[in-house]
Amino acid sequence: MSGPYRLIVTDTSPLFTLGLADALDARLRPGLPVSIPDAVYIEATRVRGAPGADRIVAWINDHLDTVRIVPTDVGIDQQRRLDEGRSIRGLGEQAAIEAMDRFLRSDHAARALLLFEDTDIERRHAVVDARVDLVSTGDFLRELEAAGLIQSSDYILDRAAAEGRNIERQRHAVSDAEARERLQNHLRRNR
Amino acid sequence: MTESEREALVRKYAAGEIAWRELREHGFEDYVEVLGALGALGLRQPVAPMDGPNVAARQRGRVAIREALRSRR
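Protein chains in written order, with our numbering: chain A, 1 to 191; chain S, 1001 to 1073.
Calculated directly from the structure, the hints in this document are not laboratory data.
What you are looking at is a predicted structure, and each value in this text was computed from that prediction instead of being measured.
Incorrect hints may appear among the rest.
Stated by the list, open to error - Looking from chain A toward chain S, a few residues come up when the C-beta cut is under 8 Å (computed):
#1 L20
#2 L32
#3 A110
#4 E117
#5 D118
#6 R123
#7 V135
#8 G138
#9 E143
#10 G164
#11 I167
Unchecked claim - Selected chain A positions facing chain S (Cβ under 7 Å, derived; list incomplete):
#12 G52
#13 D54
#14 L134
#15 A161
Beta carbons are placed, not taken as given, at the ideal position from N, Cα and C, and that holds for glycine.
Please construct the entire structure, taking both the sequences and the accompanying hints into account.
Next up, the structure:
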């Protein structure tokens, strides 16, 4: 590989999967610089009460030499949409495409590796540029497993799901407590 | 969406029959919610078979990771 090669994260799911499995460092094992488009970063870190979001922020701060947040026009649009209460669905991937285009334009020898969620990569024709390679979370974990760098990809995925279940329980407990408090306040006002 | 409809969707997702983006369209707000639903059902997220429209680019991606890992040993 002669030119620069970067891994670009196109969606929040690979971040949350490794974040909840406490395995974000696995992302750095190949030694490739990692770009996270701003819209993906914002979407991942605005999730209410998700410890995964805290871990992602801490992980990025621990690896600022390797992991960078890439500003995009899509990210600006995302901010506007958030302010206006509009949907931001799908903007992460658009921001990733913008980040990729800028990166490829910056150096004619540059190559990009786009990281997708498995079911999305399986169905849609993602990119046509010959300088762009693709990988799914599952592909990535399988390579780490084959290299003996993780116990197994299934172990990571099971751990992410188990942690996700714990977080969902906590979220429900918080929303139940909030609902109880609202009801108590309502009853108090109506006495 | 009822709880049983939600469960059916998550099972379809785990089986690779529908995509993450379709779960979003059905009201799943974030991927943590998906992982939580999978965990509650004792399932894990699907891993895509080496199939579909992006196979060549995915194979290049896996080779690139393999080589990168090898070069760091």
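Go through the numbered hints given earlier and state which of them the structure violates, listing their numbers in rising order.
3 and 13
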